Amino acid sequence: MSHHGEDTKFATKLIHFGAEIDKATGASSVPIYQASTFHQEDVDAHQPYDYTRSGNPTRQALEDYIALLEGGTRGFAFASGMAAISSALMLLSQGDHVVCTEDVYGGTYRLLTTIMNRMGVESTFVDMTDLAQVRAALRPNTKAIFLETPSNPTLKITDIAAIVAIAQEHDVLTMLDNTFMTPYHQRPIELGVDIVLHSATKFLGGHSDVLAGLAVVASDSLGRRMKQIQNGMGNVLGIQDSWLLMRGMKTLKARMEGSETSARRLAGWLSEQADVEAVFYPGLPNHPGREIHEKQSTGYGAVVSFDVGSGERAKQLMSRVRIPLVAVSLGAVESILSYPAMMSHASMPREVRLQRGITDGLVRYSVGLEDIEDIIEDLEQALRG
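Mapping the sequence shown onto the UniProt record's numbering, position 14 (from 1) lands on 14, and the numbers just tick up by one.
Among the hints, erroneous ones may be present.
[Stated by the list, open to error] Within a straight-line C-alpha distance of at most 27 Å, the following computed BS3-like cross-link-like pairs (lysine-lysine) qualify:
#	residue 1	residue 2
1	K253	K295
2	K253	K9
3	K253	K13
4	K227	K250
5	K253	K23
6	K13	K23
7	K9	K250
8	K295	K13
9	K9	K295
10	K295	K315
11	K23	K227
12	K13	K227
13	K250	K13
14	K143	K250
15	K23	K250
[Unchecked claim] Each pair of labels, with its calculated beta carbon distance range:
#	residue 1	residue 2	range
16	R384	T261	23 to 29 Å
17	S93	R384	52 to 58 Å
18	R139	E41	48 to 54 Å
19	N117	E377	43 to 49 Å
20	D130	G309	23 to 29 Å
21	M342	Q273	19 to 25 Å
I should point out that these hints are in silico values taken from the structure, not numbers from a laboratory.
Since the structure is predicted, the reported quantities are computational estimates derived from the model, not experimental observations.
By construction, the Cβ of each residue, glycine as well, lies at the ideal position given by its N, Cα and C atoms.
Based on the provided sequences and hints, a complete structural model is requested.
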């Protein structure tokens, strides 16, 4: 895929991924092929492109790019992260069963419990940090295990290799949402996962300006099946957005490194504050999943969740902060402070949320590229008034 071969380091692949120079003109970025259809010179001869839903050179460059970064055989770009996740779940059929991590993104939970269930696909949600629960949830009709690690928003860690081993033993597909870590920090296909999914809106895009989803598959046969679904459902990423996403991805290493360094500082600072009840970050020495996370990832990410004790204090904090956006989403150049109970996980019933550790006092901080001293100072004034 890349003219640099497989031996280059990740940082180099981000910049030299095969479509960084336009072959026809030498232009320094992939052209935006703003076309819906392609003239067929000879109707008998097979041409690579005929209609943009089925394929477009700009989107293809992005799809090859993410496949290269994740180490998969084929990539697919969709209109949103949920479009990517729902397309992967369309590999399933009526009567099939999914085992899903209980602390999954709220939108994935909503998809499985309000839409897929009507299509005859059942789900069981389990705590995936406990492998016995995963085994116990398997049924003869289980066809997929859906993982998210670190999880959103409590940053629980699932042992990817251990889940893959269970899945392979039972001939079950594994799908993993890699939004939080990105291929810079975590490459699940190298650990045996079948399909990796991203809300590329987040760290991959990195600038809070593009809505996009990506999927990467580990095998050619899965690639053919996913292509059929993408073409059949038509939920593809637009051309302009494909180009913008590639532009964002080129700085992934620089952004992830900057944000991650700051997030580690922030998590350390928060865990020393008496008025913060709990801090969730895989890089903290007391994080229960730290050892497993370090085995399968090269960094701890840029998302820190913490509990300020009550909904009232959480709302007070959100009204007082000056630096972060108070918004849904994460993974951008600017810091974003979210309130899972009313934002990302509002689609989960309150009792389910509480069961999963998503308390009314829990906030999620996605650390951006501002100066960490300013970020801490701002949080300090917001917490103390």
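To see whether the hints hold, each was checked on the structure:
1. K253 - K295: holds (20 Å)
2. K253 - K9: Holds, at about 11 Å.
3. K253 - K13: holds (10 Å)
4. K227 - K250: Measuring from Cα to Cα gives roughly 25 Å; hence the hint holds.
5. K253 - K23: holds (26 Å)
6. K13 - K23: Status holds; Cα separation ~18 Å.
7. K9 - K250: With a Cα-Cα distance of about 14 Å, the restraint between K9 and K250 holds, given a limit of 27 Å.
8. K295 - K13: holds (23 Å)
9. K9 - K295: It holds: about 19 Å lies between the C-alpha atoms, which stays within 27 Å.
10. K295 - K315: violated (37 Å)
11. K23 - K227: holds (25 Å)
12. K13 - K227: Given that 27 Å is the threshold and the Cα spacing comes to 24 Å, the pair holds.
13. K250 - K13: Holds, at about 9 Å.
14. K143 - K250: Violated, at about 35 Å.
15. K23 - K250: holds (19 Å)
16. R384 - T261: 23 to 29 Å: holds (25 Å)
17. S93 - R384: 52 to 58 Å: holds (55 Å)
18. R139 - E41: 48 to 54 Å: With Cβ atoms ~52 Å apart, the hint holds.
19. N117 - E377: 43 to 49 Å: holds (47 Å)
20. D130 - G309: 23 to 29 Å: holds (27 Å)
21. M342 - Q273: 19 to 25 Å: Between M342 and Q273, where Cβ atoms are some 23 Å apart, the hint holds.
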